[in-house]
Structures are given as C-alpha cells and as structure tokens.
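When you get a sec, could you build the whole thing from the sequences and use the hints?
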Amino acid sequence: MIIGTAGHIDHGKTALVGALTGVDTDRLKEEKARGITIDLGFAYLPTPAGTLGFIDVPGHERLVHTMLAGASGIDLALLVVAADDGVMPQTREHLALLDLLGIRHGLVALTKADLADEGRRAEVEGQIEALLAGTALQGAAVVPVSVVSGEGIEDLRSRLVTAAQGFSVRASEGGFRLAVDRSFTLSGAGTVVTGTVLSGRVRVGDTLKVSPSGLSARVRSIHAQNRKAEEARAGDRCALNLAGEGVTHDAITRGDMVLDPALHAPSERIDASLRVLPGEPKPLGAWFPVRLHHASVEVGARLVPLAGDGVAPGSEGPVQLVLERPIAAASGDRYVIRDTSSQRTVGGGRFLDLRAPARKRRTPERLAQLDALMDADPARSLARLLAIDPWHVDLAAFARDHALGEGAAGRLAAELGLVTFSTPGARIGLSPARWEMIRAAILAELTRFHDANPDLPGMGAERLRLALAPRLARPVFTEAVKRLAGEGRLALEGAWVRLAGHEVRLTRQDELLWEMFEPRLAAVERFRPPRVRDLAGLTGVAEPEIRRLMKLLGRMGRVDEVAQDHFFLRATVAQMVAMVRQLAQAAPDRQFAAARFRDRIEQDDHAVGRKVAIQILEFFDRHGVTLRRGDLRRINPHRLDLFGAIGEDEVNSGARSSQAETGSPDEGASRQVL
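Using UniProt numbering, you'd call the opening residue of the sequence shown number 1 and step up by one each time.
Read the hints as simulated data drawn from the structure, not as lab findings. It is possible that part of the hints are untrue.
What the hints assert, rightly or not - Derived SDA-like pairs (lysine to any residue); straight-line CA-CA distance at most 25 Å: (1) Lys282 <-> Ala312; (2) Lys360 <-> Asp394; (3) Lys551 <-> Asn453; (4) Lys551 <-> Phe619; (5) Lys360 <-> Asp389; (6) Lys482 <-> Val504; (7) Lys282 <-> Ala96; (8) Lys551 <-> Gln575; (9) Lys551 <-> Ala563; (10) Lys360 <-> Leu468; (11) Lys551 <-> Arg526; (12) Lys551 <-> Ala491; (13) Lys228 <-> Phe167; (14) Lys360 <-> Ala473; (15) Lys551 <-> Thr507; (16) Lys228 <-> Ser187; (17) Lys611 <-> Arg596; (18) Lys551 <-> Leu538; (19) Lys228 <-> Leu76; (20) Lys360 <-> Gly300; (21) Lys551 <-> Leu512.
Right under this line is the structure:
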C-alpha cells in the first residue's frame, strides 16, 4: 500500500514519516538547510501486512505541483494538521486535491500534540471534522501524535498496518503504466526511473516505451517497495533500471509515462468530466487557460465547456481540454486543474475520451457518447456506446485507451457477444442487433436499386454506403459488405455490389448482335478495336443501334468506352491496367511516360500508335487508375481493382504501402476497395 502525506507547510509531515519509518525523506542539501520539503521524499516500512511505501510531499503553496506529482499514485492519504496552528490554507487545498483525485481512504495525524492542551486539541479536532465533512475522507480517524514525546506514533503505525491488511490490491490485469516522478543515473547501473505503478505489471527483460516521446527501453532490473524483485505490479512504488539506445536520465523526465508499447498513443485533446470547486469567482468559459496536472505531469491547457456557456462554481459538466503538448494518459484517469499563476486549485475530474474531436464536439450525439464513457466499468461503458450513434466501436482502440492490456478487446467482445470485423489497425465491434439492422438495410437498398435499374449490373459501393441511414463509416461498411458476400448474399465485382441472385440479361436480339460484335473486339487488334462507325460498316447494322447496345454492355461491365464511340472489352481493359501497373513497378521512381506505355502495348499490337495509347491513358486518368503530373504518370493503388485488374489482397496491400504517397481518391467516383 502507498501512503501519501498531505498538509500545510511546517506541520510536521517529514518528521512524522521519519518517526514512523526511521527514514529522513529530506534528501536535498537545500531541504536540509532550509528545514522544509522541496521535492518528493520516499520511505518504506516493513510490516506484517507487507512493505508500506510513504510519499512525503511539500506543503508550500508554490510547490503544489510537486505535491500533485506524488499524490496521484497513493492509496491512502495521511492528512497532517498541527495542533498549534490548526487548519491552514494548504490543509484545505491539499484536502480538495485528494478529493478531486478520488482518494477514498485516509487518516488524520494531529501533529505537535505536545504543544496543545486538551481544550486546544478538541478545538482543532472540531475544525478537522468540519473540514472533512462532505469529502471522501469524511469520518476519517484523527490520531494525536508527537514526534518529540512519541505520543500516538505506535497507535498511528498500528492503524496504517490494519488499513493495509484490509486494503484491496489494485488489479494488475491491465496494461503496464508507471508515472515517472524521478529519473537519475546510478553508478554501475545506468538510468533509473522511479514512480508508482498505476496499472498492470512489469518483469525483468520486458521492452517498454517512454511516452509521449516514444523512446524504447528494456528493463534490466526492478526494485519494488524498496526490494529487488523480478516483477512489479499495480500499486507498487517501483524503480526500473532501463537500458536502450537514447535512454539517459536526461531523456526521461518527471511527467513521462513508462508503459507497455501497445499503450503508447499520446493525447493532446481530451474530453473529460470537470467538477469546479465552489470557491471559484465565476464560471469557467470557453478557452479558459489552466495548468493541468495528471499523474506526475503538469502541462498548460485550454478548457472548452461542452454543455452550456461554462461550468459554474460548485457544479460539474463535460469539457474538452486542449493541451499545449501531448501527454500519456488513460480513459478514467483523474486529473486536477489549477490557475495559470499556480496560486489556486480550480477543479478536477476524470478523463473520458483521449481522441476528442475538434469539430462537432457539442452535438447531442457526442454528448451521449461522453455520458456512456462516464461509466467506470469498461464493459458497461462499451455496451452503452454500441447502443448509440455511430453504433460501432474500435475495440482495439477502446482497450488501449482504457489501458486494459493484452487480449482485452477479445474478452470484451466475447462478454458482450459482439459481431466483430478486423480491419488494418482496428477491430470493429457491433452489437448483434445493430448488425442485423445493417444487413437488412444493405440488402433492402440493393433490392430497391435493382428494381429501379434492372439493366444495370450493380450499384457503386460508395453510392450504396451513402444511401444507408444511418450512414456507416467506410471501414465498417467495407467489412459488412465483405461479410455479406462471404455469406453468399451479395456479389462483388470491382467497385460494384449486387445481390447474389441479380443478373442482367440481354434480349435475344441483342444477344445475336453481341455475338456478331464480340469476336471483332477480341481479335488480334484488341488494343485498337473497331469504333462504332467501323462496326456499322462491317456488319451493316445502323450506328445508333450499335451505340445503344454498347452503352448497355458498358453498364453491364462487359465493355468500356475508352474514347468517344471506341469500346474495349472489359478483359482487355484489365490487361492494360496490369501493364500500367507493371510499368510503374519497374520504374525507379514509380512513374512512367506515355511513350513507355505505347512501347509496351505495341509489343502485342504494332499498329496501336501514340494517339490510341494517349486515349487509353486519359481514360485511366479520368477513372483515377493513373495520376498524371506533367508528362509522367503513376498508379493509384486505391483504384487498381476498378476493372478487375488484380486480386483483392494485392490491392489492399498496395493501397496501404502507397497511401501516404498517393493520398485519398476523390469522393465523386465509385472507388471503394472491397
């Protein structure tokens, strides 16, 4: 169990820890000279209930930020009030901080009891009782103590041991996180960081990340609760000897978080609940500047109320915190805000969403999501999120941001019976009821489309997505359509989607005409097939009739109109896409000139010529298969399957590897990769 002191300056916190443990926690030369605590001090007391760790914090009003760095990791608060002074300003502020940090266990030490008679003791105890009323420490025992006479020291020590025996050990199933409060170099060992383990466990040999910097480090050795250990777990005061490239005590500072690499995802815009202390002079309005304290970090921030014009003194409401720089945190973590002059505590609360949106942050849908995230139980919170817009959750991100640890996404999905889709970098979860609604909506929309357009082979994937209500995010829609295709309910053809039973059929007369034309388009000169007027001259069929049939065949996906009245077989177009792709892959800079394409296509048909080659490339440009820059072109991997050119897996792989280079395709065309 970790015990943290709190209280006004010069009320005897350090002396009391020394009397309980035999350790003087003032380790700095300046602390010795001035007789006050300036930085965090640490001491340990072996007991039958295990080793008790003590964090001694400074009491000066200018050092509240240091007090907060230590208080964030404690299990039990030891509030210290001097019998001669009674309740003082920092007593009140430290108690408010403990309350905002959600610390629910505590004792009060009435120090310097040898300086007060029974009347004075009773008076100060009355002050303490009034002070604790309405806080999480209401009803905490008050123990008179004196480090001079020894009065009450053994009683207080016994009470702490009893509290430790009944204290529930923090769960260690989550991802490992240690809030760094010290970083130094130890001779013969190297870089050592200390802090309280907030969640999870760590073992010697583990690889960790320092967040938010992203520095990788390996654990060489561990001291937990002041003893050498093979592992440390949630609730331990811990020292980690770290090694790795770039790992120095200067590279890791107070405020950093050493954590499981899977949890490294710093945040700089966080939605949170906020309780404003009653003593604030006015409501906190938009862009109110504050100093934010979380775990051992302090950072400047701006506050944006999400409900109403502000958060009034003594009230609670949702806010967005826009930070000056990213920090490592987890949903559910407690935080405190102080004014920019660091003279007073303003309020505090819990982080709700580490990926807060910059736009549409006050909509009813967004506020409903934050209300669901208020539930401290992850499973209940997730279930509530899945019941509201947008009806799905990235389970992997949810588990990461709640520091739930390895395998948590799968366990949550199993517990709630979710339907899940795996996408690159995400695992999307839906409730079974919502999945049935999505399935029905997709099938119904396709049915309506086929009824209205019986001569079309299918519906564009993006058009289908935009037609659904509520509209699905692309990753969810893509995986939903794939799932339905796997069930045999749909068929996917490039960027088109159709019901499995839908088939466009030509009339008998059109079939006869097509049987006449198709061999001519598939002849040796397939890369320069006859135009409509040429077909009319060869067959004696009127040009309008040929044009009508070719347009119909184009909608069916059998031919493509590469240029005006110049129709190519779809299989031929697919061959040409493959050629373009091969040219790009072979080029050192992934770009090729039109002449290279003409030369390649003339290997199969010597009479193609530059004009036809340019028409083909311009056709690919219009459909986004190629992206032109000056005289050079490169491929767009997002469109490679538009004409059935390559397999699905290869398309997705190419899209991922080239996404940064090519950017996203325009919204207007049917381009969803399925």
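Hint by hint, here is what the structure shows:
no., hint, in the structure
1, Lys282 <-> Ala312, "holds (7 Å)"
2, Lys360 <-> Asp394, "holds (20 Å)"
3, Lys551 <-> Asn453, "holds (14 Å)"
4, Lys551 <-> Phe619, "holds (16 Å)"
5, Lys360 <-> Asp389, "holds (13 Å)"
6, Lys482 <-> Val504, "holds (22 Å)"
7, Lys282 <-> Ala96, "holds (18 Å)"
8, Lys551 <-> Gln575, "holds (21 Å)"
9, Lys551 <-> Ala563, "holds (12 Å)"
10, Lys360 <-> Leu468, "holds (21 Å)"
11, Lys551 <-> Arg526, "holds (18 Å)"
12, Lys551 <-> Ala491, "holds (22 Å)"
13, Lys228 <-> Phe167, "holds (23 Å)"
14, Lys360 <-> Ala473, "holds (16 Å)"
15, Lys551 <-> Thr507, "holds (14 Å)"
16, Lys228 <-> Ser187, "holds (17 Å)"
17, Lys611 <-> Arg596, "holds (14 Å)"
18, Lys551 <-> Leu538, "holds (19 Å)"
19, Lys228 <-> Leu76, "holds (24 Å)"
20, Lys360 <-> Gly300, "holds (23 Å)"
21, Lys551 <-> Leu512, "holds (16 Å)"
Comparing the model with each numbered hint stated earlier shows that all of them hold.
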